[in-house]
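Colleague: Chains A and B supply the protein sequences, listed in that same order. Be aware that the first sequence starts at 1, since it is given in our numbering, and climbs by one per residue. Be aware that the second sequence starts at 1, since it is given in our numbering, and climbs by one per residue.
There's no promise every hint is true.
As the list makes no split between identical chains, a pair holds if one copy fits it or if it spans any two.
Unchecked claim - Within a straight-line C-alpha distance of at most 35 Å, the following computed DSBU-like cross-link-like pairs (lysine-lysine) qualify:
id, residue 1, residue 2
1, 39, 290
2, 137, 151
3, 147, 326
4, 249, 216
Hints were generated in silico from the structure; no laboratory data involved.
Number of protein chains: 2
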Amino acid sequence: MSIAVLFGSRSFEHEISIVSAIAMKDIIKETLVYIFIDKHREFYYIPASKAKANFFSSGEYKKCEKLELKNGGFYKKSMFGQKKLEFDFLLNLVHGGDGEDGVLASLFEFFSIDFVGPRVEASVVSCNKYLTKAYAKNHNVNVIDYKHFAKNDTITIDEYPVIVKPIRLGSSIGVSIVKEQSELTYALDVAFEFDDEIIIEPFISNIKEYNLAGCKINNEFQFSIVEEPQKEEFLDFDKKYLDFNRTSKVQKADIPAHLEFELKQTFKKIYNNTFEGSLIRCDFFRIDEKIILNEINSIPGSMANYLFDNFNKILKDLSYSLPKKKMVNITYDYVNKIQSAKGKA
Amino acid sequence: MSIAVLFGSRSFEHEISIVSAIAMKDIIKETLVYIFIDKHREFYYIPASKAKANFFSSGEYKKCEKLELKNGGFYKKSMFGQKKLEFDFLLNLVHGGDGEDGVLASLFEFFSIDFVGPRVEASVVSCNKYLTKAYAKNHNVNVIDYKHFAKNDTITIDEYPVIVKPIRLGSSIGVSIVKEQSELTYALDVAFEFDDEIIIEPFISNIKEYNLAGCKINNEFQFSIVEEPQKEEFLDFDKKYLDFNRTSKVQKADIPAHLEFELKQTFKKIYNNTFEGSLIRCDFFRIDEKIILNEINSIPGSMANYLFDNFNKILKDLSYSLPKKKMVNITYDYVNKIQSAKGKA
Numbered sequence: 001m002s003i004a005v006l007f008g009s010r011s012f013e014h015e016i017s018i019v020s021a022i023a024m025k026d027i028i029k030e031t032l033v034y035i036f037i038d039k040h041r042e043f044y045y046i047p048a049s050k051a052k053a054n055f056f057s058s059g060e061y062k063k064c065e066k067l068e069l070k071n072g073g074f075y076k077k078s079m080f081g082q083k084k085l086e087f088d089f090l091l092n093l094v095h096g097g098d099g100e101d102g103v104l105a106s107l108f109e110f111f112s113i114d115f116v117g118p119r120v121e122a123s124v125v126s127c128n129k130y131l132t133k134a135y136a137k138n139h140n141v142n143v144i145d146y147k148h149f150a151k152n153d154t155i156t157i158d159e160y161p162v163i164v165k166p167i168r169l170g171s172s173i174g175v176s177i178v179k180e181q182s183e184l185t186y187a188l189d190v191a192f193e194f195d196d197e198i199i200i201e202p203f204i205s206n207i208k209e210y211n212l213a214g215c216k217i218n219n220e221f222q223f224s225i226v227e228e229p230q231k232e233e234f235l236d237f238d239k240k241y242l243d244f245n246r247t248s249k250v251q252k253a254d255i256p257a258h259l260e261f262e263l264k265q266t267f268k269k270i271y272n273n274t275f276e277g278s279l280i281r282c283d284f285f286r287i288d289e290k291i292i293l294n295e296i297n298s299i300p301g302s303m304a305n306y307l308f309d310n311f312n313k314i315l316k317d318l319s320y321s322l323p324k325k326k327m328v329n330i331t332y333d334y335v336n337k338i339q340s341a342k343g344k345a
Numbered sequence: 001m002s003i004a005v006l007f008g009s010r011s012f013e014h015e016i017s018i019v020s021a022i023a024m025k026d027i028i029k030e031t032l033v034y035i036f037i038d039k040h041r042e043f044y045y046i047p048a049s050k051a052k053a054n055f056f057s058s059g060e061y062k063k064c065e066k067l068e069l070k071n072g073g074f075y076k077k078s079m080f081g082q083k084k085l086e087f088d089f090l091l092n093l094v095h096g097g098d099g100e101d102g103v104l105a106s107l108f109e110f111f112s113i114d115f116v117g118p119r120v121e122a123s124v125v126s127c128n129k130y131l132t133k134a135y136a137k138n139h140n141v142n143v144i145d146y147k148h149f150a151k152n153d154t155i156t157i158d159e160y161p162v163i164v165k166p167i168r169l170g171s172s173i174g175v176s177i178v179k180e181q182s183e184l185t186y187a188l189d190v191a192f193e194f195d196d197e198i199i200i201e202p203f204i205s206n207i208k209e210y211n212l213a214g215c216k217i218n219n220e221f222q223f224s225i226v227e228e229p230q231k232e233e234f235l236d237f238d239k240k241y242l243d244f245n246r247t248s249k250v251q252k253a254d255i256p257a258h259l260e261f262e263l264k265q266t267f268k269k270i271y272n273n274t275f276e277g278s279l280i281r282c283d284f285f286r287i288d289e290k291i292i293l294n295e296i297n298s299i300p301g302s303m304a305n306y307l308f309d310n311f312n313k314i315l316k317d318l319s320y321s322l323p324k325k326k327m328v329n330i331t332y333d334y335v336n337k338i339q340s341a342k343g344k345a
């Protein structure tokens with residue numbers, strides 16, 4: 001089987017996407033066809049042997065063949081016309097902008113390319129923290145309380161500490177913990193640097209955290225182990241991004257069966273049916289016996305491979321179980337009716 | 001000024017998009033550059049003189065020049081390479097699938113094409129009735145109560161009449177009013193024909209309905225008149241689609257100033273900031289003095305031109321006030337750090 005791994009693009013997480021993509025070499029036991037999107041949003045075909053981090057940071061990738069995206073696939077220029085790049089399906093590994101906000105999903109949808117990754121709706125719902133909360137609440141899943149603010153709003157905080165987050169970025173980019181009033185202005189400046197809208201949540205320390213990854217294959221859920229992530233008070237960008245480089249297995253969290261069951265039930269409520277076609281990781285909090293959704297990673301770092309025993313098989317099986325679009329039957333009955341009403345038919 | 005009018009595409013509303021696009025000839029006093037997307041999702045450049053409904057239904061459009069969408073614009077084949085199709089901005093007039101679900105918005109975003117129309121997030125929020133409700137509730141806007149069901153759910157109804165709607169389609173496609181138990185199975189079959197998820201709402205007759213269109217230009221809202229649509233118990237597809245053909249002005253609803261004010265305030269809550277760059281029509285109900293959002297038309301039929309005195313000016317002004325994307329500064333600091341940690345730098 002051959003799998004196209006798409007990575008890079010115009011995203012704050014551009015370089016960690018590169019790291020995630022390279023990690024796949026050790027994880028996926030299939031032929032990998034690397035497609036890099038550079039910051040100008042040009043597509044390049046990268047031979048697997050060249051997929052090393054400094055090949056991209058140095059700009060050397062520009063010597064590789066450019067690809068054009070058109071109906072049905074990616075095309076290389078060849079001596080006579082164009083040649084289609086062959087692969088069985090595409091794995092979207094573009095983290096953050098373009099990859100997780102629905103833009104690339106739309107391109108694959110429009111140009112009919114089979115892919116593993118969140119569809120447009122799932123992307124929008126998971127990459128905007130405000131919409132994630134609305135979506136989760138609508139599915140009867142608990143979320144942390146929050147206030148939503150736009151750039152020119154008056155922002156007053158009654159109780160500290162709080163956590164300030166740009167609404168659209170993944171990871172910890174632009175996120176600050178604010179312990180007292182005097183730190184607020186700086187934290188707001190940082191967050192508004194990245195987005196015109198933010199959310200502010202109470203910051204609760206010593207929360208129990210649980211991560212669970214999974215997907216739905218032929219109407220059956222396939223779950224990873226539950227991980228209890230090792231954490232400091234707050235994972236900074238560098239620490240958090242070790243995940244993207246991660247290929248060795250982690251320890252299963254030592255939790256009672258009923259808690260594992262509850263986490264899985266909550267995961268299902270979130271996944272169904274919006275996230276079909278994707279393998280996601282949900283990060284949960286547990287406060288006072290309640291399971292609370294913190295965030296949905298619709299393209300988790302290195303695909304959360306380290307949480308699965310059989311990642312390669314799950315990915316392949318998922319690729320055989322991608323959601324099919326409804327057929328749209330286009331007729332011209334209405335136009336013909338108008339024409340005949342006008343006496344022009 | 002020259003405006004590209006994009007229409008057609010793989011949508012249940014394909015043909016009414018054609019009707020909407022043709023209506024623009026009488027409405028927009030600028031040079032129109034027509035771009036048709038056929039059901040195979042191929043782009044065609046259509047000379048304005050040929051933009052008549054039966055040109056598309058007959059298949060004659062296939063004789064027109066094909067266009068390729070690439071970074072920066074649409075390109076025609078020319079004798080020596082390719083020639084860019086020139087226009088000042090693009091008006092997205094693809095109703096329903098592709099146009100209003102975020103797919104085409106993503107293409108314009110990715111390939112850097114200035115356009116008037118809903119962005120990806122706004123599209124997803126407005127085209128999925130379930131997400132519209134979640135979004136509205138989160139913005140403290142009232143919605144009609146509802147139950148959400150997926151294809152294999154057990155569906156029981158306690159109180160009739162109800163209205164059954166596929167969650168993702170615009171207009172009245174697949175929608176039924178169900179007055180008693182015996183009619184339910186058929187209505188469900190129809191709705192599930194179009195979508196795997198539906199919502200069921202109580203059907204309330206004799207509701208007051210108000211439509212209001214508008215957009216934000218340089219941080220100021222520009223509103224249409226408020227229309228009180230003439231209605232039967234339930235507008236069927238054909239009647240509803242007269243809007244798409246509509247170019248003559250309608251009468252302003254005879255309502256008190258405080259109600260108009262309230263409708264506008266509610267519109268602002270919905271529009272801000274997600275719908276920037278688009279001209280939308282919100283359809284409201286009024287029940288027991290409460291304003292209730294029924295639906296958001298992110299690309300209303302014939303752009304709701306008939307509700308504005310100065311549609312041409314508003315459209316042009318809006319095109320000068322499109323949302324700008326945040327710059328994404330791509331660095332390779334993290335990759336370089338890993339490299340040097342590995343002793344490879």
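Colleague: Evaluate each hint against the coordinates.
Modeller: So, going through the hints one by one against the coordinates:
Taking the shortest alpha-carbon separations for residue 39 and residue 290, neither the intra-copy value of 42 Å nor the inter-copy value of 49 Å comes in at or below 35 Å. For the identical chains of this complex, residue 137 and residue 151 are neighbours both inside a copy (25 Å) and across copies (21 Å), given an alpha-carbon limit of 35 Å. When the C-alpha separation of residue 147 and residue 326 is checked against a cutoff of 35 Å, the pair qualifies only between copies, where the shortest distance is 23 Å, while the shortest distance within a copy is 38 Å. Proximity of residue 249 to residue 216 under the C-alpha cut-off of 35 Å is restricted to the intra-copy arrangement: shortest distance 22 Å within a copy versus 51 Å between copies.
Of the numbered hints given earlier, the model fails hint 1 alone.
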